[in-house]
Amino acid sequence: MKERNLKVPIIVISAAIPLGVAALILGPQSKINVGFNTSALPLFHAMLNSTTAILLLASLYFIRHQRIRAHRAANLTAVALSAIFLISYVIYHSTNPSVRFGDLNHDGLLSAEEKLQAGNLRYVYYVVLSSHIILSGIIIPFVLFTLQRAFQEKFLKHKKLARITWPMWLYVAVSGVVVYWMISPYYY
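Following our numbering, the numbering of the sequence shown begins with 24 at its first residue and continues without gaps.
Among the clues, some could well be false.
Claimed, not checked - Estimated spans, in silico, between C-beta atoms of each pair:
| # | residue 1 | residue 2 | range |
| --- | --- | --- | --- |
| 1 | S154 | G131 | 18 to 26 angstroms |
| 2 | A45 | K177 | 29 to 37 angstroms |
| 3 | L47 | Y84 | 31 to 39 angstroms |
| 4 | I40 | I91 | 23 to 31 angstroms |
| 5 | K177 | N143 | 42 to 50 angstroms |
| 6 | A46 | L127 | 25 to 33 angstroms |
| 7 | N28 | S134 | 49 to 57 angstroms |
| 8 | V57 | I36 | 23 to 31 angstroms |
| 9 | P120 | I91 | 43 to 51 angstroms |
| 10 | N128 | I34 | 41 to 49 angstroms |
Claimed, not checked - No more than 20 angstroms apart at the CA atoms, straight line, and that leaves these computed lysine to any residue pairs for SDA-like:
| # | residue 1 | residue 2 |
| --- | --- | --- |
| 11 | K138 | V122 |
| 12 | K138 | P208 |
| 13 | K177 | V31 |
| 14 | K182 | H94 |
| 15 | K177 | R90 |
| 16 | K183 | L193 |
| 17 | K177 | I91 |
| 18 | K180 | P164 |
Note that these hints are calculated values from the structure, not bench results. The beta carbon of each residue, even a glycine, is placed where N, CA and C say it ideally should be.
Let's have the full structure, built from the sequences with the hints guiding it.
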């Protein structure tokens with residue numbers, strides 16, 4: 024059976040997702056009405072990220088103990104949760120204004136008093152957030168190519184790439200929870 028080369032579709036998807044999300048976040052701030060309250064979605068996102076992190080840890084455990092089917096199930100479930108996260112994230116940011124760290128009065132601006140009250144924790148938050156955002160875009164082709172190699176049964180190449188993919192993906196999942204934990208006091 025001839026293997027299908029998915030390099031071009033993976034590259035297109037890997038570019039389209041971060042560009043689409045960036046356009047959504049940085050573009051015009053008109054919000055849509057989806058017909059339901061989306062204010063609880065950030066907590067849902069943190070739960071998805073937590074579960075993804077647990078699945079990634081389980082995946083590592085399973086492969087180290089040669090439990091291939093459990094390894095595959097953990098990874099495919101992590102991919103599915105990541106896709107659900109992406110859809111939910113787009114819905115949330117399409118329906119809600121951006122929340123700024125330290126913005127206690129929810130006016131979208133940080134007064135000198137709000138900056139003082141948030142202190143240096145603001146800088147920690149923005150470092151974690153920035154690294155999370157950057158790696159969440161970078162990780163997409165890594166995950167897709169790692170999956171492709173597993174499905175094509177190119178296990179040596181899969182393993183080699185997974186050694187890069189796994190820690191990045193785990194960091195993205197864990198830092199997503201940390202970002203939520205840090206910004207949650209400022210949600211509406």
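Hint check results:
A C-beta distance of roughly 24 angstroms is found between S154 and G131, which places it inside the suggested range of 18 to 26 angstroms. For the hinted restraint 29 to 37 angstroms between A45 and K177, the CB-CB distance of approximately 32 angstroms keeps it satisfied. For the hinted restraint 31 to 39 angstroms between L47 and Y84, the CB-CB distance of approximately 36 angstroms keeps it satisfied. About 29 angstroms separates the C-beta atoms of I40 and I91, a value consistent with the hinted range of 23 to 31 angstroms.
For K177 and N143, the Cβ-Cβ distance of about 47 angstroms falls inside the hinted range of 42 to 50 angstroms, so the restraint holds. Range check, A46 to L127: about 29 angstroms between beta-carbon atoms, so the 25 to 33 angstroms window is met. Judged by the Cβ atoms, the range 49 to 57 angstroms given for N28 and S134 holds: they are separated by roughly 55 angstroms. Checking the proposed 23 to 31 angstroms range against V57 and I36 shows it holds: the Cβ atoms sit about 24 angstroms from each other.
Checked against the given bound of 43 to 51 angstroms, the beta carbons of P120 and I91, roughly 46 angstroms apart, stay inside it. For the hinted restraint 41 to 49 angstroms between N128 and I34, the CB-CB distance of approximately 44 angstroms keeps it satisfied. This hinted pair checks out: K138 and V122 have alpha carbons roughly 14 angstroms apart, not beyond 20 angstroms. With a CA separation close to 14 angstroms, the supplied pair K138 and P208 stays within the 20 angstroms bound.
Annotation: proposed proximity of K177 to V31 holds, straight-line Cα distance about 18 angstroms (limit 20 angstroms). For a cut-off of 20 angstroms, the pair hint linking K182 to H94 stands: about 12 angstroms separates their Cα positions. For the given pair, K177 sits about 17 angstroms from R90 by alpha-carbon distance, which is consistent with the 20 angstroms threshold. As the CA atoms of K183 and L193 are separated by approximately 16 angstroms, the hinted pair is consistent with the 20 angstroms bound.
Under the criterion of a C-alpha separation no larger than 20 angstroms, the hint pairing K177 with I91 is consistent with the structure, at around 14 angstroms. Only pairs whose Cα atoms come within 20 angstroms are accepted, and K180 paired with P164 is accepted, the gap being roughly 15 angstroms.
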